[in-house]
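Protein chains in written order, with UniProt numbering: chain A, 1 to 325; chain B, 1 to 325; chain C, 1 to 325; chain D, 1 to 325; chain E, 1 to 325; chain F, 1 to 325.
If you are wondering where the hints come from, they were derived from the structure by calculation, not from laboratory data. The structure displayed is predicted, hence computed values, not measured ones. Any given hint could turn out to be false.
[To be verified] Straight-line Cα separation of at most 30 Å, DSS-like style, residue types lysine-lysine; simulated pairs:
{"hint": "1", "chain 1": "A", "residue 1": "Lys156", "chain 2": "F", "residue 2": "Lys255"}
{"hint": "2", "chain 1": "B", "residue 1": "Lys294", "chain 2": "B", "residue 2": "Lys198"}
{"hint": "3", "chain 1": "A", "residue 1": "Lys255", "chain 2": "A", "residue 2": "Lys198"}
{"hint": "4", "chain 1": "B", "residue 1": "Lys135", "chain 2": "B", "residue 2": "Lys198"}
{"hint": "5", "chain 1": "C", "residue 1": "Lys321", "chain 2": "B", "residue 2": "Lys161"}
{"hint": "6", "chain 1": "A", "residue 1": "Lys74", "chain 2": "A", "residue 2": "Lys156"}
{"hint": "7", "chain 1": "E", "residue 1": "Lys156", "chain 2": "D", "residue 2": "Lys188"}
{"hint": "8", "chain 1": "E", "residue 1": "Lys257", "chain 2": "E", "residue 2": "Lys135"}
{"hint": "9", "chain 1": "C", "residue 1": "Lys188", "chain 2": "B", "residue 2": "Lys255"}
{"hint": "10", "chain 1": "C", "residue 1": "Lys321", "chain 2": "C", "residue 2": "Lys157"}
{"hint": "11", "chain 1": "D", "residue 1": "Lys188", "chain 2": "E", "residue 2": "Lys255"}
{"hint": "12", "chain 1": "A", "residue 1": "Lys188", "chain 2": "F", "residue 2": "Lys255"}
{"hint": "13", "chain 1": "B", "residue 1": "Lys257", "chain 2": "C", "residue 2": "Lys188"}
{"hint": "14", "chain 1": "F", "residue 1": "Lys188", "chain 2": "A", "residue 2": "Lys257"}
{"hint": "15", "chain 1": "F", "residue 1": "Lys74", "chain 2": "A", "residue 2": "Lys188"}
{"hint": "16", "chain 1": "A", "residue 1": "Lys135", "chain 2": "A", "residue 2": "Lys161"}
{"hint": "17", "chain 1": "F", "residue 1": "Lys161", "chain 2": "A", "residue 2": "Lys161"}
{"hint": "18", "chain 1": "A", "residue 1": "Lys198", "chain 2": "A", "residue 2": "Lys188"}
{"hint": "19", "chain 1": "E", "residue 1": "Lys74", "chain 2": "E", "residue 2": "Lys198"}
{"hint": "20", "chain 1": "E", "residue 1": "Lys157", "chain 2": "D", "residue 2": "Lys188"}
{"hint": "21", "chain 1": "E", "residue 1": "Lys161", "chain 2": "E", "residue 2": "Lys135"}
[Stated by the list, open to error] Just so you have them, the derived chain F footprint on chain E, three or more residues with Cβ under 8 Å:
{"hint": "22", "segment": "165 to 174"}
{"hint": "23", "segment": "271 to 280"}
Cβ coordinates follow ideal geometry from the N, Cα and C atoms, glycine included.
Number of protein chains: 6
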Amino acid sequence: MNLKSNPIPWQDRPAGSNSVMWRYSENPIIDRYAIPSSNSIFNSAVVPFGEGYAGVFRCDNKSVQMNIFAGFSKDGLNWDIEHDPIQFNPGNTDMIASDYKYDPRVTFIEDRYWITWCNGYHGPTIGIGYTFDFKEFFQCENAFLPFNRNGVLFPKKINGKYAMLSRPSDNGHTPFGDIYISYSPDMKYWGEHRCVMKVSPFEQSAWQCTKIGAGPVPILTEEGWLLFYHGVINTCNGFRYSVGAAILDEEQPEKVKFRTQPYLLAPSEIYELTGDVPNVLFPCAALHSIEEDKLALYYGAADTVTALAYGKISEILTFIKDNSL
Amino acid sequence: MNLKSNPIPWQDRPAGSNSVMWRYSENPIIDRYAIPSSNSIFNSAVVPFGEGYAGVFRCDNKSVQMNIFAGFSKDGLNWDIEHDPIQFNPGNTDMIASDYKYDPRVTFIEDRYWITWCNGYHGPTIGIGYTFDFKEFFQCENAFLPFNRNGVLFPKKINGKYAMLSRPSDNGHTPFGDIYISYSPDMKYWGEHRCVMKVSPFEQSAWQCTKIGAGPVPILTEEGWLLFYHGVINTCNGFRYSVGAAILDEEQPEKVKFRTQPYLLAPSEIYELTGDVPNVLFPCAALHSIEEDKLALYYGAADTVTALAYGKISEILTFIKDNSL
Amino acid sequence: MNLKSNPIPWQDRPAGSNSVMWRYSENPIIDRYAIPSSNSIFNSAVVPFGEGYAGVFRCDNKSVQMNIFAGFSKDGLNWDIEHDPIQFNPGNTDMIASDYKYDPRVTFIEDRYWITWCNGYHGPTIGIGYTFDFKEFFQCENAFLPFNRNGVLFPKKINGKYAMLSRPSDNGHTPFGDIYISYSPDMKYWGEHRCVMKVSPFEQSAWQCTKIGAGPVPILTEEGWLLFYHGVINTCNGFRYSVGAAILDEEQPEKVKFRTQPYLLAPSEIYELTGDVPNVLFPCAALHSIEEDKLALYYGAADTVTALAYGKISEILTFIKDNSL
Amino acid sequence: MNLKSNPIPWQDRPAGSNSVMWRYSENPIIDRYAIPSSNSIFNSAVVPFGEGYAGVFRCDNKSVQMNIFAGFSKDGLNWDIEHDPIQFNPGNTDMIASDYKYDPRVTFIEDRYWITWCNGYHGPTIGIGYTFDFKEFFQCENAFLPFNRNGVLFPKKINGKYAMLSRPSDNGHTPFGDIYISYSPDMKYWGEHRCVMKVSPFEQSAWQCTKIGAGPVPILTEEGWLLFYHGVINTCNGFRYSVGAAILDEEQPEKVKFRTQPYLLAPSEIYELTGDVPNVLFPCAALHSIEEDKLALYYGAADTVTALAYGKISEILTFIKDNSL
Amino acid sequence: MNLKSNPIPWQDRPAGSNSVMWRYSENPIIDRYAIPSSNSIFNSAVVPFGEGYAGVFRCDNKSVQMNIFAGFSKDGLNWDIEHDPIQFNPGNTDMIASDYKYDPRVTFIEDRYWITWCNGYHGPTIGIGYTFDFKEFFQCENAFLPFNRNGVLFPKKINGKYAMLSRPSDNGHTPFGDIYISYSPDMKYWGEHRCVMKVSPFEQSAWQCTKIGAGPVPILTEEGWLLFYHGVINTCNGFRYSVGAAILDEEQPEKVKFRTQPYLLAPSEIYELTGDVPNVLFPCAALHSIEEDKLALYYGAADTVTALAYGKISEILTFIKDNSL
Amino acid sequence: MNLKSNPIPWQDRPAGSNSVMWRYSENPIIDRYAIPSSNSIFNSAVVPFGEGYAGVFRCDNKSVQMNIFAGFSKDGLNWDIEHDPIQFNPGNTDMIASDYKYDPRVTFIEDRYWITWCNGYHGPTIGIGYTFDFKEFFQCENAFLPFNRNGVLFPKKINGKYAMLSRPSDNGHTPFGDIYISYSPDMKYWGEHRCVMKVSPFEQSAWQCTKIGAGPVPILTEEGWLLFYHGVINTCNGFRYSVGAAILDEEQPEKVKFRTQPYLLAPSEIYELTGDVPNVLFPCAALHSIEEDKLALYYGAADTVTALAYGKISEILTFIKDNSL
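Please take these sequences and the hints and turn them into a complete structure.
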């Protein structure tokens, strides 16, 4: 995940603001109708690729079928998204049935880009695939039995094994959900399942009291793994999704060192408050530069469009430690 | 349904758009407070009448009581709506109790204008009435037992019988609903109930996977009956209503020849995304001219205001056939 | 419905009892496994036929598929039930799809025996059929759109039309339901839908506060139509079905003259308290002799077996009038 | 409650409007981020104090913890809100546990300012406190057992006893709720519980058919107590909160003399239609001047910001009487 | 509560049993049809009275209306229950509306017998009444706002005030409920509400993990107040009610000294497993003799009949202490 | 799984019966109070061991805590169950937290007895353990993330891998559930998840239309793997559990060759119809002798006691093939 070629998207903190994270002034960066077939383009993943960036995008079409599409960008802001969904070839197995695909994450490990997503196989579970070039894609065994969502790989092996966060739940609108970790020696068989973080008590941090799930691929820092996650509160008028962050132990990421009691970002702009699913702010990817102390967080807004927020990594880490639950 | 006198409302497709249907640039055409008592004016029906147009309008008052009102317009855009609800006289029966009336449709058959609506009789069912002049109105027997909504007559008899589409369901917020057809020799007794269209599987067309119901009175074309209908998806933050269309067999309208997999219109404008019930786009009437190849679709937005969308009939038919489920 | 040939089943009131109705001492009269395929035989209908009795029986098989079977008896107590379900030929229509059939009622009108049942056509609705001989059966149009159950014909035309009671509700476990009446000139088209009886307020008569539905075919008496019906209370451990009775006006049966506040029979015997659905006492048929002042009520017990209760018609009528809601 | 010093906030009815109440043109008056920790500042209470005004404000912080804060203003429009929540000392009891505090009301009785709020004690119930100076605060016994909300004191004793309105309900999202009154000789023990107002039938006034609760402290007028209250309708997309008003008997406030069938204000502005909980308009306080015939109603909008509406008391009273349910 | 005259009901522990409590071999002691109007007689209260015993009995009639009836017995086993429900005269207030009455408790304090029950006043709350002779009865103010059940008075004042346990909950089938205590100086105004005991975690004691409520009037022992209570588990087939016991501090009964982890009695006999509400074992009263070390516990079985269980007080106290949660 | 030493329990088919399976006449074989602490002993597993049999038993204690206990028997009918639950030592991992254990299965593979059960780890999932002697027990990694139940191992490796059936679902009363298979090279990491069998359509086989789960360890026959499973129907009064059977392909057990449309056994005896959870017949183990053509099926009855049913393997296989869905 080399950031030499192109700088990551960036915009300084607005004058007068003292928020630890702030929105990009030109949000949303991807419109719901950005490709001909799309009804909405939102929970999407990006990584450095070549001299620019590549990404895997959730585009629901106008039949409201959910699928994932490849896309490319020079600056991380202006994106060319393919008009046809990704076609997978068999990876480590025969082809798995897939009724739908959504909410992808992408990360580079060793020699290839691994993609995880919510895969429709008799209900939602975690699909796994890989690509070397974002042209040819290969699909592997699902990681788990249904019902699961928000499967997020760590960007390197831990103790010699692949590691994945996920949020097991039910087959409906998931009124509950905590973050677990599982390990695999081979990306095919998974085990050593451990609970990482649970929802917080309503009295302590209500924005994350209904369900929580991992967001972007964790970022390794001096403090440990920096994990952005979504938290949900069930108001009398529906679910409201906000963003928080945690620091996980580098060697044993099932150990949570710190975790924000306040949220970092919550729905407040009109493109977050209205859309197909109002009041959703859902992070799926981040670009970062440790050297420059910059982070660009990609998130879906109102399950409709894609937006961007910025922050300084050092400040975010300090904030998490100073405001830990 | 003669369109000689006045042209139907129209506006060309916006430059740069390639949507099969497009919104009127001055939407909404009827404000929620258009008459003194109203809280909202939305799911409403219009027909050519005299040199202009007449209509039956759902106006909920500020007690949020639901009733239907007559209205008149020269151009189909600017409407004078009566300040008092329609009073009915007995038609083919003694007067039926009616706790509330909403979501009217109007069509001309043979010698008179028939009105159907959702009638509160121990719960929602289909009320039937008629008028010759939109001044005097006559109420007939309810078509069905409760619980039913979205009763829509065909604009002429089929095989010598009146024909009506409807959506039987329950007495609450109706988490399910399919479209049926029933026949009557006399507008009093109904039978020969057949299922026409069911919701689609989530994987194939999610916007119409929770419930569907007929919209405007079907339009006879060379391909068969052109039926616009609403489809609903149940998101984690509530129901979202969109619009699709189907082509039914002319002689046996219980046979669906084609039906859109993608929606034609879905909530995306601020007057559709916010209001008393956000994310509702609900069609109840259409004006059309086969000769001019024009169609003007009236729809309720967010259960609050009335809006208009346009399309060319030939293009819509082609779109349905090319994108059939 | 001539009772000359054979006497109806009877047993005198037990010594010491002062109940207006009492159970047959040899209950249940039909065991759940009475035919080889059956899992349960319960909500069933009987009529005088020839020198004895014929009936239509709900037998759920061991796949728990619901169907109706013909049966014959000399004394109304010992029954020979066919081992195969009734096969229908087309009556007044092409054959209607029927996913399942249950809870039949039978009555003789003019020249034939009419059968109604809950017919699975895109959910439960009211199926209609007839037979002259209980050998050949003919199926007609469904009476109504879904969702409906407990369709019960009056045993003669009223004001020249067929009349049917029913209980419209939803497509699940029906947590609500009232009794309506509809009329038909021809057993094909139905209209003039009127509400007959609603559930009672909890404080006044809780056993019938959740849903009510017609039981056996109404019996014409000097006081009007005697209608037995089931009433349901929703306890914290499920629905409990009991039996009450009403007297409806002879000419205008939508007018309820009297209706029992207390129940007549409620689950209390072990074969009513335990079984596939505990605490269900569900009446579907009655034999009666006005001359002898005798009534034999057939009911399903715990959705598992068939049982019998007795009462004197004159005493039942007096009880209804003296204990009316 | 002396209004000599400073005039209450006011703005004349907009030209062309004939609404009995109208919004302040500079709404919202308090932004969601008005203090550093806040996520939202909405359901809040104000009273005349010194030469200006004091208030108790519900500020949810960015952990979405609910608490109440003191604030001061010269004009009732521009507010300085403390950055730390109110700390209570023991009043008429040892300190009561309080998991959270929200939706305060404030009123002056005899010698001090009494505050009531929804207090988290094993679920929501009614907390009571007082202050003489809005610097030192004292907490008393909870008025009731859980589960209760919207406890509102009358501004003087009635028949020698303190009187409080409240809305008992459950421990969740309260799908039901009516207004009751209770009395106390000593602000410690409460009894003589009477039902004041229930929700209205759907057919008569649907905006208040799901639950209702008292808003600001009642205002004594020549007609009796003027009570603003919130009413809720459960749409298919969630709860919608509007405002109505009632006139209660002066001596026996459990007697409702009049009550608005139409609402006075309902969500229609963008800051009411969007926010943390869309479509909420929730009144908690009012300033008034009988002499000047002015009323300024403070309300929470979308559970996010604080807004203001105006009306003439005489016109409001007339409206209530002319439009009574 | 003097036990001189007559011995309390008793039967020695069955041979071979080592249960701390055991059932009466002649259970049930009161049949569901013990009075002419009754459908069921179950949750009922008894006290020593004169030379024998008096009681207040919950009898649901055959309309399933719930009311309470007086009864008398010489031996506590054979009961004469009045055929008409108790008629109340005004006590410390005008007559309170009472839609229904159920689940009474009775205790003697100072000069009279106090009765508490679940009183239907806009939903369930705690009714209070008294009698001197079980002939004339007087009804007082309800203790609380709705929604509440299982109000149980302590048999003497504590620190100069009346004390009552109760279980606040909702207005439906109450899927949650804990035990609280409240105090009153005068049986009219109530305050100082404190939580006493909550449901236990599923993993520790599942039979009491859904809701708990006080049973008979607490018994003062050397260890403190002996409180029997019901605990409920929500199985996939409904609620199951069992019996446990706790020891509360004599002076501060909101302090729980010990509380049984295992139940004392749970449904296992056929009259507990079947009936109107299967699997309910609900204690409402106890007779005891400290001198003889005997306790007779009256309980409702399956919400249908009344039964009796025995135990030695010393053994029960030891069991509670040895098996405390 | 050698059956030399002792014959398996057996009783010939009762005279007059033509059921393919029949109950043991002395049922239940294990009473709910068979050990001092137990509230119920039901879903339990047995295997041949030494000259007799060993087993792992689900005993809920009187705190209704769920745990598993070892037991021994000479004849498979009379059992000595340990009074203390099984204590596990670490197997292939550090000790896993286990809030509760229930519904065990046991099978011998290669050199040891493997035990699977529903393990409480942040909700129900599949626990794995092993023993060589039923004295020392070792616990391994949980097979899956929550939420899962009814994990059943095949009695030998398939294609070199361990294979396990399971029923993923939610964390409540699981209103849905299908049977999946997963594979593992090492009993630690699991993958290759495939759907095996889903619930059947209501119209085809209603007893298994709500959820299904594997019962005893599959038995290898000439036809393939013989799998008994439970099927559930959701009646209006709760879940009803019955037993069916399927034949799975020997090499690819995710292929279902045959599956019973009718049930084999359904609740009908009083010990199945009443108890802690009425109407449950839940199989967890079977003893069999291919040579003698005998099978003894152990099942839990009403979640309360343990019972036994018999059948001839050849007849069962024929029945499955002749009555396949």
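Evaluated hints:
1. Pair hint lysine 156 (chain A) plus lysine 255 (chain F) does not hold up; C-alpha atoms about 37 Å apart against a cutoff of 30 Å.
2. For the proposed pair lysine 294 (chain B) and lysine 198 (chain B), the alpha carbon gap of about 29 Å is at most 30 Å, so the pair holds.
3. A C-alpha spacing of about 12 Å is found between lysine 255 (chain A) and lysine 198 (chain A), which places the hinted pair at or below 30 Å, so the restraint holds.
4. Of the supplied pair hints, the one linking lysine 135 (chain B) and lysine 198 (chain B) is violated, its CA atoms being roughly 38 Å apart against a limit of 30 Å.
5. The hinted pair formed by lysine 321 (chain C) and lysine 161 (chain B) fails the criterion: a straight-line CA distance of about 45 Å is larger than 30 Å.
6. A C-alpha spacing of about 25 Å is found between lysine 74 (chain A) and lysine 156 (chain A), which places the hinted pair at or below 30 Å, so the restraint holds.
7. Between lysine 156 (chain E) and lysine 188 (chain D) the alpha-carbon distance is near 21 Å, which keeps this suggested pair within the 30 Å criterion.
8. Our distance criterion of 30 Å between C-alpha atoms is broken by lysine 257 (chain E) and lysine 135 (chain E), whose separation comes to about 39 Å.
9. At roughly 21 Å between alpha-carbon atoms, lysine 188 (chain C) and lysine 255 (chain B) fall within 30 Å of each other, so this suggested pair holds.
10. With a CA separation close to 26 Å, the supplied pair lysine 321 (chain C) and lysine 157 (chain C) stays within the 30 Å bound.
11. Taken as a hint, the lysine 188 (chain D) and lysine 255 (chain E) pair is honoured in the structure, with Cα atoms around 21 Å apart against an allowance of 30 Å.
12. Between lysine 188 (chain A) and lysine 255 (chain F) the CA atoms are separated by roughly 21 Å; this keeps the pair inside 30 Å, and the hint holds.
13. Only pairs whose Cα atoms come within 30 Å are accepted, and lysine 257 (chain B) paired with lysine 188 (chain C) is accepted, the gap being roughly 27 Å.
14. Restraint check for lysine 188 (chain F) and lysine 257 (chain A): the C-alpha separation of about 27 Å stays at or below 30 Å, so the hint holds.
15. Under the criterion of a C-alpha separation no larger than 30 Å, the hint pairing lysine 74 (chain F) with lysine 188 (chain A) is inconsistent with the structure, at around 44 Å.
16. Note on lysine 135 (chain A) and lysine 161 (chain A): the hinted pairing holds, with a Cα-Cα distance of about 27 Å set against a maximum of 30 Å.
17. Between lysine 161 (chain F) and lysine 161 (chain A) the alpha-carbon distance is near 20 Å, which keeps this suggested pair within the 30 Å criterion.
18. Proposed proximity of lysine 198 (chain A) and lysine 188 (chain A) is supported: the alpha carbons are some 26 Å apart, at most 30 Å.
19. Our distance criterion of 30 Å between C-alpha atoms is broken by lysine 74 (chain E) and lysine 198 (chain E), whose separation comes to about 38 Å.
20. Taking the CA atoms of lysine 157 (chain E) and lysine 188 (chain D), the gap is about 18 Å. The hint holds against a cut of 30 Å.
21. As the CA atoms of lysine 161 (chain E) and lysine 135 (chain E) are separated by approximately 27 Å, the hinted pair is consistent with the 30 Å bound.
22. Coverage of a stretch by a chain is defined here by at least three residues with a beta carbon nearer than 8 Å to that chain's beta carbons; for the segment 165 to 174 of chain E and chain F the count is 0, and the condition is violated.
23. Three residues within the 8 Å Cβ limit are the bar, and the segment 271 to 280 of chain E against chain F gives 4, so the coverage statement holds.
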